[in-house]
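Asks: Take a look at the letters that make up each chain.
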Amino acid sequence: MAVEQPERDSYTGYLTTGHEWNGLKELNTPVPRAVYFFLILTFVFSVGYWVLMPAWPLGVTYTKGLLGIDQRNLVAASLQDAAQERSVWTKRIETESFAAIQSDARLMAIVRETGHTLFGNNCAACHGADAKGGPGFPNLTTGSWLWGGKPEDIFNTIRVGINSTHPDTHVGQMPAFGRDQMLPRQDVIKVVSYVYSLSHPGATDVDPAKVEAGKAIFAANCVACHGADAKGNPELGAPNLTDRDWIYGGDFNAIDTTVWGGRQGHMPTWEGRLSALDRKILTLYLVDKRTPRP
Amino acid sequence: MIAQLTLTERQHAIMISAAVAVLGALMILVGQDDAMSIHGVLVFVASAIMIFRIGGSYYAPLPSDDRLAHYYDDPSKVGIVLSMIWVVVGLAVGDWVAWQLVNPDLTFGPGWSSFGRLRPVHTTSVIFGFGGNALIATSFYVLQRTSRARLPDQVSPWFVLYGYNLFCLLAVTGYLMGVTQSKEYAEPEWYNDFWLVVVWVTYFVIYLRTLARRKEPHIYVSNWYYMAFILVVAILHIVNNLAVPISLGHTKSYSAFSGVQDAMTQWWYGHNAVAFFLTAGFLGMMYYFLPMRAGRPIYSYRMSIISFWGITFFYMWAGSHHLHYTALPQWVQTLGMTFSLMLLIPSWASAGNVLLTLNGAWDKVRDDATLRFMMVAGVFYGLTTFEGSFMAIRTVNSLSHYTDWTVGHVHAGALGWVAMITFGSIYASVPWLWKRQQMYSPKLVEAHFWLALAGTVIYVFAMWNSGIVQGLMWRTYTESGTLAYSFVDTLVAMHPYYIARAVGGLLFLIGGCIGAYNIWKTIRISGAAAEQASDVPQPAVVGAGTLQPAE
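If you read the protein sequences in the order shown, they are chains A and B. Under this note's numbering, the first residue of the first sequence carries the number -12, and numbering increases by one thereafter. Under this note's numbering, the first residue of the second sequence carries the number 547, and numbering increases by one thereafter.
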């Protein structure tokens, strides 16, 4: 056993402990008072906190604390307070008609504010933060609506969804005319030419003969849903084919893909996830946001 | 390295490798329809390589008894090299995922490159690959020198080092295939967890056996911390990973805990992993390499004692501060918060103890980037522990929780404290281990230091801003009493900070690459200087590197 010989460190003036490891030594400097002071301070604070708040377990229960604070009660109370505060305007939105709300500038200001967050957190993932959609997801600002554009229609679509799990869901399907051999390839090309010409009047990049031939095929196969004038049918979710608003693309190839392979879009039901109030705000938000075509 | 093994040790090494190879073959057999078979192949190939390497030198001349008069440093050398490989990989993947957060399309398509799989590759590579290897390497180094005793045998240290790296390899390759328990920092599945237990217990036994053979009357502070690290990590690992596999042939398992108990167990584990893996182990490093490099005695033995017991006692209670305002009963949150506050004092006492140790050596801090790495690590340790206690306060946590502030806090600790102390310790020990006068290029050490510091500061400031902006936006209400911002609005606001973070990470990565290059060159330069270099340059110790009787 080495004899432990404390040495005096010339720089600090303190003694070492006499321990040494491979040349490493330790000073025996006393612990600064501040360390004890703050240890005691944090301990005293903790004891105070334990006395006031729920803290120590006691078998099947725990010390409840003198303040009687419980995070569940607090959050329930603050949710209730917040709902109470909002009820000034939520009651009106819940009960008044769409038209009445739309004519109230103050309510519509709230709709724009609140609708922005609701839309951002629930709808933007598919329809985009600006509600302008993307390939496969409709643009909600154009004024052309698959399932009807009246506020009541939009409200209902948000409620039940499209091809969703809701019992009253909108059900819509564009058959796969080509893939399922309902039409031969040449006929698909003809009808696509015709459909293309509807939204591109005077287009020179399609064969007029095929357009003409396609018209008859359209009449035989497509009018049941899209109508004789090809302006669609919101009862069936059939889109208007004469405008420039396309969900899956309106150029020749995109239309060809749609006619060939069919389409069956999906929108979830929001009834179980958003309250009727939230859905009504979203409806009003969208009605307000859309920019009707002249 | 095999030439150092005795014949019995060579036989033992082959037998152990063969046993592991059989395990690998079994995994291939029973896990045929599962990712487990791929892991079986990895295990089998790894142990086959070991068998061939040992077998190839089986008849090499046996080592002389001379070896017993020196410390056994080969595992430490290999551990440092592995650690530098892991850090480059881990930082690179980390920066990749940071850029993915800037631009989500940077996955380039395949499933393995998605954020969810790469992120644990990053965390495991840097925490367990880099940090773990550095801890194993430095702990063997420090243990022998502060005990004046050689490691008890020459096989078990290799088993620990290579076994541990096999664990890390199975972990990260598993994540890429989607094999995960989904427990943060405890992602590896049940069979890999079993393996780590075997490795870890062996590690602890080496520690105990070496300490039992020590020639010094006292056990040095570093060893208290290394022991706490090994022991507690074993406990945490075993408890948090209690799980039932769906079958012995499948990687998937179900945790023994569910609901809020699962959350509590996970964060008891998670926070103590921070405490005992990322703090205690690295404090062990700091307590040896900083005073050695500075050539100063530890400022206060008494402070060492107070901080050690304070840290080990208080940390155990703090985990529930990760679950404020959740389904966890409030009394548990109270305990987590108050113990986190009390924890600040021993943490600061530790930071203070090492920084005050530098009194009388601040000129060296100015001139020597290696010591400066360690000094800055001490400062970041102090900053991060203050921030941690602060964030554990419930009302502060209500702003910081779930935001990037947490990410910033973690990286202040991981980059500023853990990585800095590790780089400092590695730069100190590489010349000592390989008997060189100094690093290949002290200028590159200097460059690494400034890149690491700049990277850390940019990263942390970016995440503070991002996190606080995010937290404030989440709690902003409109006049009509509804939330003002959608989640996507907060992402748009955070985008610039994400770019800054990725740039900071890139600087840190470049620093890490420079460090790896510098260490590689130091190892490769000819041994001319080696003859004159002593094991421990300052203060000079007679016959350092050899065993000294304490009498």
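These are computed hints drawn from the structure, not numbers from a lab. Any given hint could turn out to be false.
Said to hold, decoys possible - Computed Cβ-Cβ distance ranges for the label pairs, DEER-style:
#1 B:I781 with A:V34: 50 to 60 angstroms
#2 B:L794 with A:V34: 27 to 37 angstroms
#3 A:F24 with B:M723: 53 to 63 angstroms
#4 B:P763 with A:R20: 27 to 37 angstroms
#5 B:G657 with A:S262: 52 to 62 angstroms
#6 A:D194 with B:G657: 41 to 51 angstroms
#7 B:G657 with A:S65: 15 to 25 angstroms
Ideal Cβ positions, reconstructed from N, Cα and C, are used throughout, including at glycine.
Asks: The structure should be examined with respect to each hint, and the outcome stated for every one.
Replies: Quick rundown of the hints versus the structure:
1. B:I781 with A:V34: 50 to 60 angstroms: violated (28 angstroms)
2. B:L794 with A:V34: 27 to 37 angstroms: Distance hint for L794 of chain B, V34 of chain A is violated at roughly 51 angstroms.
3. A:F24 with B:M723: 53 to 63 angstroms: The hint (53 to 63 angstroms, Cβ to Cβ) holds, given that F24 of chain A and M723 of chain B are roughly 54 angstroms apart.
4. B:P763 with A:R20: 27 to 37 angstroms: holds (30 angstroms)
5. B:G657 with A:S262: 52 to 62 angstroms: violated (37 angstroms)
6. A:D194 with B:G657: 41 to 51 angstroms: holds (45 angstroms)
7. B:G657 with A:S65: 15 to 25 angstroms: violated (42 angstroms)
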